[in-house]
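There are 2 protein chains.
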Amino acid sequence: MYNLLPNLSVIEASSFVASPTAGLYLAQMGAEVIRVDQIGGGPDFRRWPVTENNDSLYWENLNRAKKSVALDLGRPEGRELLQALVRATGQFVTNFPVGGFLSHELLAEGRPDLITVRVMGWADGSPALDYTVNNAVGYPMLTGNGPEPVNHVLPAWDLLTGAYAAFALMAAIQRRSATGEGGEVRLPLSDIAIGTVANLGGIAEVMYGGANRPRLGNAVYGLFGRDFVTRDGERTMIVVVTPRQWANLIIALDVGDAVAAIEAARGVSFAKDDGLRFDHRDALYPLFEKAIAARDHADLAGAFDAGGIVHSPYRTMLDAANDPALVADNPIFGAVENPSGFTYPAAGAFATIPQADRLPPAPAPRNGAHSEEVLAERLSLPSGEIARLIDAGIVGVT
Amino acid sequence: MYNLLPNLSVIEASSFVASPTAGLYLAQMGAEVIRVDQIGGGPDFRRWPVTENNDSLYWENLNRAKKSVALDLGRPEGRELLQALVRATGQFVTNFPVGGFLSHELLAEGRPDLITVRVMGWADGSPALDYTVNNAVGYPMLTGNGPEPVNHVLPAWDLLTGAYAAFALMAAIQRRSATGEGGEVRLPLSDIAIGTVANLGGIAEVMYGGANRPRLGNAVYGLFGRDFVTRDGERTMIVVVTPRQWANLIIALDVGDAVAAIEAARGVSFAKDDGLRFDHRDALYPLFEKAIAARDHADLAGAFDAGGIVHSPYRTMLDAANDPALVADNPIFGAVENPSGFTYPAAGAFATIPQADRLPPAPAPRNGAHSEEVLAERLSLPSGEIARLIDAGIVGVT
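Protein chains in written order, with the numbering used here: chain U, 17 to 414; chain B, 17 to 414.
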């Protein structure tokens with residue numbers, strides 16, 4: 017947590033990963049992010065993993081450092097309160113449908129400088145999720161050894177969309193500061209997925225060659241990088257990106273003569289060319305497999321570290337969670353008490369800013385914990401009116 | 017391309033994916049992003065995929081809409097020019113090492129309000145890449161059917177880091193506008209990876225249960241979602257996230273009685289509970305496999321679309337590139353001439369902003385194309401001095 021954005025308030029009406037992470041990143045940089053939720057929680061409020069009491073460990077991590085206003089969004093009065101909060105605040109992050117009661121056009125009535133950032137599925141407004149846009153753009157057909165497609169487990173498109181949404185909100189605010197103009201920033205997952213394929217050269221590649229890239233298992237395309245297994249059975253990813261790393265890898269494994277023999281036989285030099293190291297992997301992989309299989313992991317890791325070679329053993333998530341350097345001793349983490357009642361290391365902002373004060377991670381709110389405070393402050397509702405709304409079941413409190 | 021950030025200039029000294037995408041997203045929103053490259057190109061200038069002339073289709077897509085200043089960074093005079101450009105501009109995005117001639121402390125001498133956004137490998141400054149932080153946090157051990165780990169092909173951590181870096185720069189600029197303070201925002205890939213594991217509930221999950229999640233192949237954890245194969249052999253991802261989608265899926269497949277029988281036998285109701293649909297997948301999967309295997313894809317797709325059910329067939333990247341809705345007819349794309357000489361659909365900003373004018377995607381610069389312009393404008397170097405630097409091989413031009 018850093019306090020870089022103390023003057024920014026955002027209303028968030030959202031679920032799942034993309035839109036909540038946009039709000040999370042803003043909140044962790046010091047913005048006031050006010051979630052407006054259905055009383056009792058939205059569609060992802062019980063999303064797995066859950067505790068024995070059915071409290072979501074997923075929800076309570078994606079919604080840290082936010083406030084929660086609970087409304088009955090099934091009733092007109094609840095919907096009008098959400099609309100009023102958006103208009104009163106001026107910044108809105110959501111994955112609600114592009115039409116309907118949270119359409120930008122409707123919300124901008126009476127608030128023409130409103131900025132809405134809307135995460136969508138397909139660009140035409142029809143529903144899509146990370147897992148469906150992913151296979152629509154082709155990555156599962158490139159993942160693993162084949163022939164079956166392999167889905168990623170990390171919701172990468174959601175995550176990229178969430179971070180880009182936080183950026184896009186800031187960019188739209190900059191424009192508004194200069195011109196006074198608001199507007200809606202629409203971010204379909206499908207456009208982020210296919211746009212990323214293009215950005216990484218994928219559209220150009222398949223159109224240039226007229227064919228798909230072959231499946232490569234755990235090898236990295238276009239350079240020397242792959243998983244290898246050490247003598248003591250540790251599977252390790254090794255990737256070479258600079259001439260110095262290549263030279264040091266050859267020294268560390270003592271394969272200089274053998275590499276030189278391949279170079280001589282094939283009339284190439286691997287010293288400065290990633291692509292050649294990939295092209296000639298049929299000769300290089302067996303050589304490096306053998307050299308690595310002859311050494312223990314600890315021995316190799318020391319030599320690799322000394323040579324600046326990029327490597328890491330494969331670990332489980334439980335291993336990672338118990339690695340002190342990654343979690344317990346990592347300053348981005350802090351233990352906080354959570355709505356679930358379970359205390360564990362929680363992440364704050366990803367960033368480290370040596371020149372600013374880092375604040376500890378904050379917990380997610382309980383559903384409706386800030387209903388009264390926010391309705392009083394933002395909409396100037398008198399306490400009697402808030403009490404009426406609570407009695408009527410329009411407003412929920414913890 | 018949108019012109020949301022016309023008053024922002026950024027110096028970028030970077031390679032590979034994360035740091036270049038930060039600059040790309042800024043440039044596509046209208047910022048002036050000036051790459052400073054080694055004369056002849058940095059370590060990723062020939063990164064695959066490449067054309068027959070060894071022009072990188074990867075580099076020319078990750079660096080669209082930017083300017084290029086080419087310097088000999090191996091010589092003190094070249095390094096000093098880069099330092100001077102950073103100080104003159106005030107915003108810097110890089111993945112150069114945290115120490116050395118581009119350390120924030122050194123650059124901030126004479127420019128105390130400088131903002132540096134630095135993508136790193138491990139938080140301690142040692143080298144890491146997307147592919148190594150990924151296996152360090154455990155995702156490959158959860159991907160695929162096992163028992164072997166499966167690397168993702170999409171460089172998801174790089175991409176998330178790039179978008180977050182663009183956001184973090186904007187947040188740091190907001191702070192500076194309010195306080196006058198600059199600073200360095202450090203973004204280690206390793207912190208973004210383990211922080212994301214935490215944000216998605218993964219740290220809490222493994223610490224709560226003391227065990228790793230089982231591998232699920234192409235099934236989605238904690239809800240009803242998986243790949244199924246239709247009668248005509250189309251493999252399709254289907255994911256249900258709302259009660260309405262579940263109800264409509266049952267209707268579309270005419271499995272209401274069979275689902276009710278499972279509910280009765282097991283004493284549960286699937287109508288509103290994602291987790292139960294996952295818990296009882298041993299009974300549900302075979303039922304849905306059979307129902308889907310009895311229908312052709314086109315028939316099912318129509319019924320699914322009508323019911324708002326999220327689905328998509330698996331496709332190759334070549335299929336995706338040739339899908340008019342995704343690429344040719346998609347307004348985020350436009351065909352531009354590129355440094356490689358190959359013309360193809362290029363992506364602009366992911367965002368769609370109905371209230372702003374969309375500009376067409378722009379090409380990447382040729383190495384050194386803007387050297388003279390930028391050195392004259394930013395450093396007020398006289399033309400004679402620039403000519404001397406070019407003659408001396410300190411400055412490169414196209």
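Please note that the accuracy of each hint is not assured.
[Said to hold, decoys possible] With a straight-line Cα cutoff of 30 Å, these simulated DSSO-like cross-link-like pairs (lysine-lysine) come out:
1) B:Lys306 to U:Lys288
2) U:Lys83 to B:Lys83
3) U:Lys306 to U:Lys288
4) B:Lys306 to B:Lys288
To be clear, the hints were calculated from the coordinates, so they are not data collected in a lab.
- [ ] State the violated hints by number, sorted upward, taking the hints as numbered earlier in the document.
- [x] 1 and 2
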